[in-house]
Amino acid sequence: MRTRPKPPTIATARRHSRSIAALALVACGVAAAPAAAASTESPAPTRSCSVLLEPIKPGETFSRVVKEVCADTIEKADQAALGGTRTAAEATLLLEAADNINQGLPRYRWWGYSGPCDTAGYGIRDLGVMWNDRISSWRQGHSRCNYLNVWEHNSYQGAKRYWHNWTKVDYVGDAWNDRISSMHIHYEP
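Quick note on this note's numbering: the sequence shown kicks off at 30 and runs consecutively.
Rather than coming from a laboratory, the hints here were simulated on the basis of the structure.
Some hints could be false.
[Said to hold, decoys possible] Pairwise CB distance ranges (calculated):
(1) Gly112 to Ala204: 32 to 40 Å
(2) Asp207 to Gly112: 25 to 33 Å
(3) Thr75 to His193: 29 to 37 Å
[What the hints assert, rightly or not] 25 Å max Cα-Cα, derived DSS-like pairs, lysine-lysine:
(4) Lys197 to Lys105
(5) Lys96 to Lys86
(6) Lys189 to Lys86
Glycine is no exception: its CB is placed at the ideal position from the N, C-alpha and C atoms.
Take these sequences, add in the hints, and give me the full structure.
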């Protein structure tokens, strides 16, 4: 005599539905993993930016941003950043950095609101989301801005490197490429 299989119990049905749900989640997770991994990196800048800075004030360690503008070209960014506050003739180019070697595009320019560098100089304590850990090359702006310190973290923290009497750095080197998070530029005899 043949016995009939027992109908599944509620507990068995729940176990099976949980197993099916778990498999579905795993399948979805595997498909979504590459997209999630890609979104954790900050996007490469596609626009060039210009920043107009005040010099470091006594008792402070960083420059205040007067105006920051990004545009499709560095020329448009310069015009928008400098045009309304001071003319380009009155502002002083301090430094131009690039996301790629050999001053490739896009670029980021820092302008001095009160003329060229003095011994206190200009301090950039945070390069911001789009430019943090992106700089690969740069060139000097004004000849009195001849000393550049860079740090691997915001607010002048972490490992540090400096360049003295440089005019153009086509590549910061493997150790510093895409690691710079804060900078201080000033004059030093």
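To see whether the hints hold, each was checked on the structure:
1. Between glycine 112 and alanine 204 the C-beta distance comes to about 38 Å, which sits within the given range of 32 to 40 Å.
2. Checked against the given bound of 25 to 33 Å, the beta carbons of aspartate 207 and glycine 112, roughly 32 Å apart, stay inside it.
3. Hint check: threonine 75 to histidine 193, Cβ distance near 33 Å, so the stated range 29 to 37 Å holds.
4. Restraint check: the Cα-Cα separation between lysine 197 and lysine 105 comes to about 23 Å, which is no more than 25 Å; the hinted pair holds.
5. Between lysine 96 and lysine 86 the alpha-carbon distance is near 17 Å, which keeps this suggested pair within the 25 Å criterion.
6. Distance check on the hinted pair: lysine 189 and lysine 86 sit about 23 Å apart at the alpha-carbon level, within 25 Å; holds.
When the structure is compared with the earlier hints, no violation turns up for any of them.
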